[in-house]
Amino acid sequence: MSNVILLILQIIGYIFISIGTFFLLLASIGLLRMPDVYNRMQTATKATTLGALSVLVGIGLIDLGWLPKSLIIAAFIVLTAPIGASALARASYKHGVKLWEGSVVDKYKEEKEED
Amino acid sequence: MKKVSNANRFLYAFLIFIIIWCGFTFSPGIKEEQFLQEFTAGIVLSLIAAAFSYQHLSERGLYNLSPHRVWWFLKYIPVFIWAMIKANFDVAYRVLSPKRPIKPGIVRIRTDLKNPVGKLALANSITLTPGTMTMQIIDDKYYIHWIYVHSEDEKEAGDIIKGDFEKYLREVFE
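So the protein lines, in turn, are chains A and B.
Just so we're aligned, residue 1 is where the first sequence starts under UniProt numbering, counting upward by one.
Just so we're aligned, residue 1 is where the second sequence starts under UniProt numbering, counting upward by one.
Treat the hints with caution; some may be incorrect.
Unchecked claim - Pairwise CB distance ranges, derived in the manner of DEER restraints:
1) A/Ile-83 to B/Phe-35: 31 to 37 Å
2) A/Ile-12 to B/Glu-171: 42 to 48 Å
3) B/Ile-77 to A/Lys-98: 34 to 40 Å
4) A/Ser-18 to B/His-68: 35 to 41 Å
5) B/Ile-138 to A/Leu-71: 45 to 51 Å
Honestly, the hints are just simulated from the structure, not real lab data.
In this text, all values refer to a predicted model and were calculated from it rather than measured experimentally.
C-beta: ideal position from N, C-alpha, C; glycine also.
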């Protein structure tokens, strides 16, 4: 009986890993297709975070001994990836990287001019 | 914000470290005496680490673990994960669609959260939800890069971007 449950968990784990790798692929396609730094950062952060999360949970389900470790690593990734993304975006803005010409509004520039 | 004693904060840091240590060392086939040995080592190391870092880790010590906050935090997790999944389908649509439907811009919204950790959590949530990325926080103003600008108005954009997050985070952190 427990073997059946383990088998089902393994199959679910493989499904999770497939979904995760699909999103990681999507993130890299997004890096090629998007026009400027900020839009690239958007796709890269979101898709890689969920992709890595999904792969880690999948590994945890395939071998249950890894589950606590992989959950802790997943929590660290969720907490740190967005901070890294905002720091990079802000740094590139301060360094003078322009927005894409199709952009409609830039409130941050107004703020900097008010200073 | 109430001031809490140093011992309280130290205990909180110690608890966090020992929980993470147990998560990393536990495995199903482990023998009991072996786990006890590792637990003892973990206590010693956590005490050392907590002694160095308790003053930077939290402002409110054990009050972070009050049932009300933990309960709202548990309710917040599924909302957050669902927003992340939606964000990824949004990314998939924008990347794979041949027309590349983007209309980016930087908008400004305001929040009424006061706690810095709460602000950080809201910024993280915004970064991982559909089409938005936090670029800068100044006091209560967030500058957000939005991949498809629906509205340039401060309040309207805030309602779309923040969604339910602010309600949950207010209960967790205030």
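Structure-inconsistent hints, enumerated in ascending order: 2 and 5
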